[in-house]
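The primary structure of each chain is shown beneath.
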Amino acid sequence: MKKVIEVKNLTKKYKELKAVNGLSFDVYENEILGLLGPNGSGKSTTINCLLSLLNFDEGKIEILGKEMTPDLYEIKRKIGVVFQEVAVFDELTVYENIDYFCGLYIENKEKRKKYVKDALQLVKLEEFLNFKPKQLSGGLLRRLNIACGIAHKPEIIFLDEPTVAVDPQSRNNILDGIKKLRKDGATIIYTTHYMEEVELICDRIIILDKGKVIAEGTKEELKELTGIEEKVTIEINDLNESHIEEIYKLPNVKTVEYEGEKLVITYGKGKNNFSKLLDYLKKEEIYYNKIYSERPTLNDVFLELTGKELRD
Amino acid sequence: MTVFKYFFKVMKEYKWTIVLYTVLLVGFAGFNLQTSDNSTNFMASKPDILVIDNDNSKLSKNLESYLKENANLKELENNEEKINDALFYRDVSLIIEIPKGYSNGIINNDKKDIVIKSTGDKEAEYGKMLLERYLKISNVYEDIKNEDLIINKINKQLESSVQVTIKSKLNTTELDKMAFFYNFANYSLLAGCVFVISTVLNSFKTKEIKKRTVVSSYNYKKYNSNLFKAGTIFGIVLWLLYLLISVILLGSSMITLHGLLFAINSFVFMICATQIAFLMGNLINNKEALNSVVNIIALGSSFLCGAFVPMQFLPDSVLKIAHILPSYWFIKNNEFIKELEVINVQTLEPYITNIIIIIIFILIIQIVTNIISKKKRKFD
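Sequence lines, in order, name chains A and V.
Under this note's numbering, the residues of the first sequence are numbered 67 to 378, in order.
Under this note's numbering, the residues of the second sequence are numbered 363 to 742, in order.
One thing to keep in mind: the hints can contain errors.
A few chain A residues that don't get close to chain V, going by computed Cβ distances all over 10 Å [to be verified]:
1. Glu151
2. Ser203
3. Glu287
4. Glu301
Once the Cα atoms are required to be at most 20 Å apart in a straight line, the calculated PhoX-like pairs of lysine-lysine come out as [said to hold, decoys possible]:
5. Lys567/V to Lys198/A
6. Lys484/V to Lys473/V
7. Lys289/A to Lys348/A
8. Lys200/A to Lys371/V
9. Lys367/V to Lys584/V
10. Lys179/A to Lys371/V
What follows is a set of in silico ranges between Cβ atoms, one per label pair, in the way DEER data are often shown [said to hold, decoys possible]:
11. Lys179/A to Ile595/V: 22 to 28 Å
12. Gln728/V to Glu176/A: 34 to 40 Å
13. Glu176/A to Lys377/V: 27 to 33 Å
14. Ile705/V to Glu140/A: 55 to 61 Å
15. Asn365/A to Gln728/V: 51 to 57 Å
16. Asn365/A to Glu650/V: 39 to 45 Å
17. Ile683/V to Asp156/A: 45 to 51 Å
18. Leu681/V to Lys179/A: 53 to 59 Å
19. Glu140/A to Gly392/V: 55 to 61 Å
20. Lys371/V to Asn365/A: 44 to 50 Å
Simulated from the structure, these hints should not be mistaken for laboratory data.
The beta-carbon is built from N, C-alpha and C at its ideal position, and this holds for glycine as well.
Go ahead and model the full structure; you've got the sequences and the hints to work with.
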């Protein structure tokens, strides 16, 4: 696979604090790479360094085979960015905003007209052409923000937490749009702290913490790291210490936690874990309200690797 | 062209602000135009004088007739109390009492003094001057010893009275109006340019939008240069609008060399105002704060430099502070043009010096703006 971005030993300091600490990773053509990490893990700083918005202290960044500098306009032409903060003109309409930002890349008026139309279709804002940003809801505004960043049909797209504070319908629209962009040939670098989104759309994931890569791979590869196969959660009103000890002794059980009437059991590899647990509960006449089984999440991976929750 | 075109699209949102400042300018200048009067013709004012003729001679009647030509002679009952009241209430400025035997006194070389009472104001002084003039002439002919002959000689001499005309060709009223208009334009140009340009620039330089611009393939220097061009064109259009308004309000006076000097001075000042706008747009990120700063700059410098209150009425300490503001040199030039009688290279020296000072301000502000803009390209 063709390498489109190469980051080597990137370090960015704010006085004594290392916001990015020796970061190295590659991005390959037409993949969706997720940069996952809690707030302050260095995701946005990394993106800003890649885009030459920030000076960095050490390291090397190459995009499409060229070392990135603020004046590398031929490469910048192929990059689209959607920042976390909504960046649009309050004074302009939806159409004018997209046309303006597209115009920073595309001079040809006719071509631009078509591109703006395509962007409007992608984010489903055709009905709001003449609306001013203040007339749009938070979700629609985010969609406009995305349209402004990708209207010029870039080869590489940076999406920095584009779904923050967005309603579920708009979030689905945005994620569908991102999948469509990839289908059309774009390479996407997607930063977020929403692990569900990463799991849903990313081909490869880099987990960051304190400016460092702590894990890298596909979601399956990352989940392998935890050694957890299954997680079962049961709501039980009354459970004593001996019951917990008995459950812990069941086959493949790795951990048992009982807190606030919620029993969480994690299993290693093995078969029929769920049915063996149900048999035990029936035999002991332990009554429960809800019971469900799930695969381990990226949060579990993060918890396993750092000892803290992803959303802490 | 995108940045250039969209500068004006964003600016459209602030069109009412431009209208407001223009209406203020037209309103104040129009009001000034209505209330000014024409002062190019000289007319001697006539003091109110009461003449009490106790002599009733030909000579005293001649004096009274001379005074009648040059003053408003009042008639009053010869009652001391009423006469004093007239003086107290300033119904008359001067009372001239010709004593009995005045005429004989001149002929027989035994002159009787004329008694005068005055309010002491300028009208009374003028009345006294008229009397003294008459008496000085009559003194010249006191040896003639013939009352009719003396009167004849005095009247001939008085006929050669001085005609006062203003030698200056300056139409001071029109120049006053022009200076008033352009002094007030200091506020309108400054507020209009600084508010509109800096607010529009502020939109373009909002952190988020700037980030998006910096990461784009649009050359950043070209971006700044297009914003600069668009802002300057707006300034020129605003200046042309105000120039047109001044021609409409002041008519042919503006199509003179004085008019040209006012126009050039305001053009240079407009460039300075646009530079201040660029500086503010780059320096201040918050639109509300920008609004307050614009008001402080426009109103503050207009008050300090004499745009609203003429410079001569401002305390020296205020004018000293005003030296550091471009408005001071602009208004100083307007006041200079107003007084300028002969226009040539020598007489224009102070005008040119003031223009150069404004240009120095422009250069300094531009350098500072460039430094700030370069520093703000990075987001560290």
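Do the hints match the structure? See the list:
1. Glu151: 5 Å, violated
2. Ser203: Since the minimum Cβ distance to chain V is about 19 Å, Ser203/A lies beyond 10 Å and the statement holds.
3. Glu287: 32 Å, holds
4. Glu301: Check passes; 45 Å lies beyond 10 Å.
5. Lys567/V to Lys198/A: 19 Å, holds
6. Lys484/V to Lys473/V: Distance of about 28 Å is beyond 20 Å: violated.
7. Lys289/A to Lys348/A: 31 Å, violated
8. Lys200/A to Lys371/V: 17 Å, holds
9. Lys367/V to Lys584/V: 14 Å, holds
10. Lys179/A to Lys371/V: 17 Å, holds
11. Lys179/A to Ile595/V: 22 to 28 Å: Holds, at about 26 Å.
12. Gln728/V to Glu176/A: 34 to 40 Å: 38 Å, holds
13. Glu176/A to Lys377/V: 27 to 33 Å: 30 Å, holds
14. Ile705/V to Glu140/A: 55 to 61 Å: Given about 57 Å between the Cβ atoms, the range holds.
15. Asn365/A to Gln728/V: 51 to 57 Å: 54 Å, holds
16. Asn365/A to Glu650/V: 39 to 45 Å: 41 Å, holds
17. Ile683/V to Asp156/A: 45 to 51 Å: 38 Å Cβ-Cβ, so the 45 to 51 Å window is violated.
18. Leu681/V to Lys179/A: 53 to 59 Å: 58 Å, holds
19. Glu140/A to Gly392/V: 55 to 61 Å: 57 Å, holds
20. Lys371/V to Asn365/A: 44 to 50 Å: 46 Å, holds
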